Amino acid sequence: MESVQPSNVQQKPSPGTWRRFWAEPWFAILTIILALAILLFIVAPVFAVLLKSFGLGTGSFTFEYYTKFFQESYYLNALYNSVMSSLITTFVVVMLSVAVSLYVTRSNNFLAKSYKGIALLPLVAPPFIFSLALIILFGRSGVVTNFFGDLFGPEFSIYGFWGVVLAQIIGYFPIGYMLIESTFRNMNANLEYAAQDLGANQWKTLGGITLPLAKSGIIKGALLVFVMALADFSNPLIIGGGESFLASEAYLLVVGQQNLEQAAVLGVFLILPSLIIFIFQTYILKDSDIATISGDSGIANVPLSKPVKALVGTISTIFSAFVLLMFVMVVLGAFVKIIGINNTFTLDHFNNQTGWGSLYNSLLVSLISALLAAGLGILQGFLFARKVIPGKKMLEFLTLFGLAVPGTVMGIGYVLIFNGPPFFLTGTVLLLVLNMTFRKIGVGLEAAISKMHQIDMSMEEASNDLGAGPYKTFFKVIVPLLTPAFVAGFVYAFMTAMVSISSVVFLISPGTNLVAVYILNLAEQGKVGLASAMSFIMIVIVLMCLALLKFIERRTGVRI
Amino acid sequence: MAKEHFLELNNLYKYFDDVKAVDNISISIEAGELVSFIGPSGCGKTTLLRTIGGFHKQDSGEIILDGERIDNLSPEKRSTGMVFQNYALFPHMTVYENVAYGLKQKKIKRDRHEHIMTALEQVELGEHADRKPSELSGGQQQRVAIARCLVLKPKVLLLDEPLSNLDANLRLVLREEIRKIKDKLNLTVIFVTHDQEEAISISDRIAVLNGGSIQQLDKPDVIYNYPNNKFVSTFVGHANFLTGKIVMAEGRRCFDAGILRFPVDDSVSDTENEEFTVLIRPEQIKINEESSIKGTLTNAVYNGNFTRYFIQVGEQELMVDEFNPRDAINYQKGDHIGVELPSAPHTIHYTEF
Chain A
1 MESVQPSNVQ QKPSPGTWRR FWAEPWFAIL TIILALAILL FIVAPVFAVL LKSFGLGTGS
61 FTFEYYTKFF QESYYLNALY NSVMSSLITT FVVVMLSVAV SLYVTRSNNF LAKSYKGIAL
121 LPLVAPPFIF SLALIILFGR SGVVTNFFGD LFGPEFSIYG FWGVVLAQII GYFPIGYMLI
181 ESTFRNMNAN LEYAAQDLGA NQWKTLGGIT LPLAKSGIIK GALLVFVMAL ADFSNPLIIG
241 GGESFLASEA YLLVVGQQNL EQAAVLGVFL ILPSLIIFIF QTYILKDSDI ATISGDSGIA
301 NVPLSKPVKA LVGTISTIFS AFVLLMFVMV VLGAFVKIIG INNTFTLDHF NNQTGWGSLY
361 NSLLVSLISA LLAAGLGILQ GFLFARKVIP GKKMLEFLTL FGLAVPGTVM GIGYVLIFNG
421 PPFFLTGTVL LLVLNMTFRK IGVGLEAAIS KMHQIDMSME EASNDLGAGP YKTFFKVIVP
481 LLTPAFVAGF VYAFMTAMVS ISSVVFLISP GTNLVAVYIL NLAEQGKVGL ASAMSFIMIV
541 IVLMCLALLK FIERRTGVRI
Chain B
1 MAKEHFLELN NLYKYFDDVK AVDNISISIE AGELVSFIGP SGCGKTTLLR TIGGFHKQDS
61 GEIILDGERI DNLSPEKRST GMVFQNYALF PHMTVYENVA YGLKQKKIKR DRHEHIMTAL
121 EQVELGEHAD RKPSELSGGQ QQRVAIARCL VLKPKVLLLD EPLSNLDANL RLVLREEIRK
181 IKDKLNLTVI FVTHDQEEAI SISDRIAVLN GGSIQQLDKP DVIYNYPNNK FVSTFVGHAN
241 FLTGKIVMAE GRRCFDAGIL RFPVDDSVSD TENEEFTVLI RPEQIKINEE SSIKGTLTNA
301 VYNGNFTRYF IQVGEQELMV DEFNPRDAIN YQKGDHIGVE LPSAPHTIHY TEF
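In the order they appear, the protein sequences are chains A and B. Under the UniProt record's numbering, the first sequence has 377 at position 377, and the numbering climbs by one with no breaks. Under the UniProt record's numbering, the second sequence has 256 at position 256, and the numbering climbs by one with no breaks.
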């Protein structure tokens, strides 16, 4: 851990760099505090997992747990299942995203707009809600299974590998879709018009121009979906039907057997792909971004020809209908006694003291950590964009890496570090807040960095020129300009914090249960009604937050 | 080649919701002609060009190119070649691949390489064939965009503000070059620009557009000297407007605009006692100490090759351009200066207000 102290990161800190760093001492002190926090709350836990996988920390160095990993087909199977399900999920999500993006960006009708809304709906739900919906539909006593009982045959079961894949496809679709759609939307329409002008029909334009130009967006989306699916922890638990997956297996090893070393080995296999992909994205993809070089907002996208429109329209319609059906199932599940068996209306599922208590905890923790994550991220974004900081590149890398670390790894790392002396923080609300804050701080940082790129340096120079010092300029010029980025970062962090589960599941205690974890437990126990009711409330709360944001946006006229 | 009415637009209309972007436009363009569409932003010039290229579908009207009705064809089926404002070069392909793209789509295999190299030679980019567009300067990118069209031998070349992204000096060079390529290959070209000076210098004829309709379509010198209406006269060049009537003074016909009175030709109006307006370009007014018309210099703006004087004569402020001001007398603000107004008929024109 000592090897990543900031002073060692910068290869040769020239004396000028340090002098300029200290020229504005308050900013320098803030930077150092931020850097130390990032090292403690992002870097250290990951290193702790790495060390633990070699038996270090409590024992002596050993390959024992790695040997075990490769000898037991159980663990190898987890690796295989995780990688295969992620690959299939990624492939299907990319295909669907391209189709839906094409339809949404090239059609200007009500359907296209609703499809976009539906496509993004999974973002507001806990990641495992589709497992729940699939069980309601296709489970042993599911609505569809009961109705078409004979059609499926006795061997049919939604529990298992393909159930996980299906739940992942729907759950992680918005992630891929958002990236791919924005690439399609921001493409210079004239490039496609030019291809047509030169004699290409629409299929040729799509294959030869549109898709190659969207390549980097598609790759980015695919990588992100792959990383998310690989780290998926809750779907295998609910609908995996005993099939082992890396993240869920690591969790069971920790809570079931207290085998932290073996869990750490699984964590290493979780984090390696994420790390490789993250480095690939940060250093290789960044330079190959060609689609945006000639973005031209003035011209509407090329309308689709009839056959293309029919194809992507059909795909979009079927997919949107399916997603909508999932949500409808959860809502129905919340309001009837036992869905599929006793469909009488009831509010019993909402009469749940423990559930409301965990909801309150979740709101509190998410609110505080989203505020902190957005605030600190924005502050860091400003400092990094404008100030001379030794080792800046590495710090930025580490902060954003926090977003890429699978939650399971982070959770195990937090257990390893904060369970014992000198912290003893396990089970406290403070640790939950810290965990969520530093898991999401990258969101604020990214929002701030992209906003800072749009703010002309001359704005601050003008402020300096007019007599304001660096601190006054920060508060009077930068802070107001970054407010939209702060709000956007806050909302995103809040939404994801509400539904996040894979990391905090290691850190809760009976008194500090969070609603996402609570619903997961209900779903695992097959308490579909209660799980649906709490999921429904969560979705409503997140949607209300989004509506509030839209309302603020409209009232203040500030585009967020 | 000298076929009449090579490209005909007949009663074209194009609406965007309620906005008339193209409002009953009819134009005939001859083969080998370079016609510019000029006008302020939102006048419909780009919409008109994109309608010809097939990127907008007209609401009514027809487009006939070389005897064939093309207004119902999709862009890839029209023999028009479009150079886009930002060139729209495919960033993931080399210069060579960009130029080859159209030939591939049209499945022209024979002599493909020769066609490509000829097109690149025509725009003097033969040695840059293997570069990516991002490795070229703005002017070079522009020429690749032209070559990409030329290789398909389009019947009409459509240029959408092709010079607007380049710096001032390069624009001058490139507009000469476009004109040269056009003359060498005898191309029919439509050139959209908002820069009236560019249009005047490059065009055979100019169509001035405003509010979706053509205000005037004529040769550049006619547009400049005989603008149809006030819009054209102010959009192309600068103008002084005087309102008055014809009176007889000292046995001569004079234009009388209150404090300003100067003799004019017979060609200027024949209805006495009717007020009307004349247009006088700033360079048509001379500073002349002998003149009986005196004014006060309110401002002088040095422009290098000429100086623009603003002279207050009574209620009227006159813009006067004096060329080659190197040995001109240095007038000071507040000086009383005599001005001589033109009498030749071609310098004065009726304008509608």
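Keep in mind that the hints are not guaranteed to be accurate.
Mimicking DSSO-like on lysine-lysine, the simulated pairs with C-alpha atoms at most 30 Å apart in a straight line are [unchecked claim]:
| hint | chain 1 | residue 1 | chain 2 | residue 2 |
| --- | --- | --- | --- | --- |
| 1 | B | K104 | A | K113 |
| 2 | B | K294 | A | K309 |
| 3 | A | K306 | B | K77 |
| 4 | B | K20 | A | K215 |
| 5 | B | K104 | A | K204 |
| 6 | A | K337 | A | K220 |
Since the hints were derived computationally from the structure, they do not count as laboratory data. Model, not experiment: these values are computed from the prediction.
Going down the list of hints, with the structure as the test:
1. Restraint check: the Cα-Cα separation between B/K104 and A/K113 comes to about 36 Å, which exceeds 30 Å; the hinted pair is violated.
2. Taking the CA atoms of B/K294 and A/K309, the gap is about 72 Å. The hint is violated against a cut of 30 Å.
3. Restraint check: the Cα-Cα separation between A/K306 and B/K77 comes to about 17 Å, which is no more than 30 Å; the hinted pair holds.
4. Proposed proximity of B/K20 and A/K215 is contradicted: the alpha carbons are some 38 Å apart, above 30 Å.
5. Taken as a hint, the B/K104 and A/K204 pair is honoured in the structure, with Cα atoms around 11 Å apart against an allowance of 30 Å.
6. In summary, the hint linking A/K337 to A/K220 is not supported, as the alpha carbons are separated by about 43 Å, beyond the 30 Å threshold.
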